[in-house]
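Numbering follows the numbering used here, with no gaps: position 91 of the sequence shown is 280.
By construction, these hints were calculated from the structure, which means they are not laboratory data. Positions of the beta carbon are idealized from the N, C-alpha and C atoms, including for glycine. Watch out, some of these pointers could steer you wrong.
[Said to hold, decoys possible] Quick list of the computed label-pair ranges, beta carbon to beta carbon:
id, residue 1, residue 2, range
1, T274, T253, 24 to 34 Å
2, F268, A231, 50 to 60 Å
3, A248, Q273, 32 to 42 Å
4, T236, T196, 54 to 64 Å
5, T199, T219, 24 to 34 Å
6, T209, A231, 25 to 35 Å
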Amino acid sequence: ATTATTTATTTATTATTTATATTATATATTTATATTATAATATTATTTATTTTATATTATTATTTTATTTAATTTAAAFTRCQQTIYYQSISYQNTLSSEEF
Numbered sequence: 190a191t192t193a194t195t196t197a198t199t200t201a202t203t204a205t206t207t208a209t210a211t212t213a214t215a216t217a218t219t220t221a222t223a224t225t226a227t228a229a230t231a232t233t234a235t236t237t238a239t240t241t242t243a244t245a246t247t248a249t250t251a252t253t254t255t256a257t258t259t260a261a262t263t264t265a266a267a268f269t270r271c272q273q274t275i276y277y278q279s280i281s282y283q284n285t286l287s288s289e290e291f
C-alpha cells in the first residue's frame with residue numbers, strides 16, 4: 190500500500206511538473222511569437238511611413254521643379270516677345286520717319 194501511494198504521488202507530481210513545464214514553454218513561445226510579430230509590424234509600419242514620406246518628397250520636388258522650370262520658360266518667352274515687339278516698333282517708326290523725309 191505504501192509503495193502504491195508513493196508511486197501514485199510520484200506519478201502525480203511528475204505529471205504536474207511536466208504539465209507546468211509544458212505550460213511555461215507554451216507561454217514563453219507565445220510571448221516570443223507575439224513579440225516578434227509586434228516587432229515585425231512596427232518595422233513594416235516604419236518602412237511604409239518612410240517610403241511614403243520619400244515618395245511624397247520626390248513628388249513635391251518634381252512638382253516644384255516643373256513649376257519653376259515652366260515659370261522660367263514662360264517668363265523668358267514673354268521677355269523675348271517683348272523685345273521683338275519693341276524692335277519691330279522701332280523699325281516701323283524709323284521707316285515712318287524715313288518716308289516723311291521724301
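Exercise. Has the hinted range 24 to 34 Å been met by the Cβ atoms of T199 and T219?
Worked result: 30 Å, holds
Exercise. Taking the beta carbons of T274 and T253, is their distance inside 24 to 34 Å?
Worked result: 31 Å, holds
Problem set entry | Q273 and A248 - C-beta distance against the hinted 32 to 42 Å | With a Cβ separation near 37 Å, A248 and Q273 satisfy 32 to 42 Å, so the hint holds.
Exercise. Okay, F268 versus A231 on CB: inside 50 to 60 Å?
Worked result: 55 Å, holds
Exercise. In this structure, is the beta-carbon distance linking T209 and A231 contained in 25 to 35 Å?
Worked result: 33 Å, holds
Exercise. Between T236 and T196, is the Cβ distance one that fits in 54 to 64 Å?
Worked result: 59 Å, holds
In summary, the structure agrees with every hint in the numbered list given earlier.
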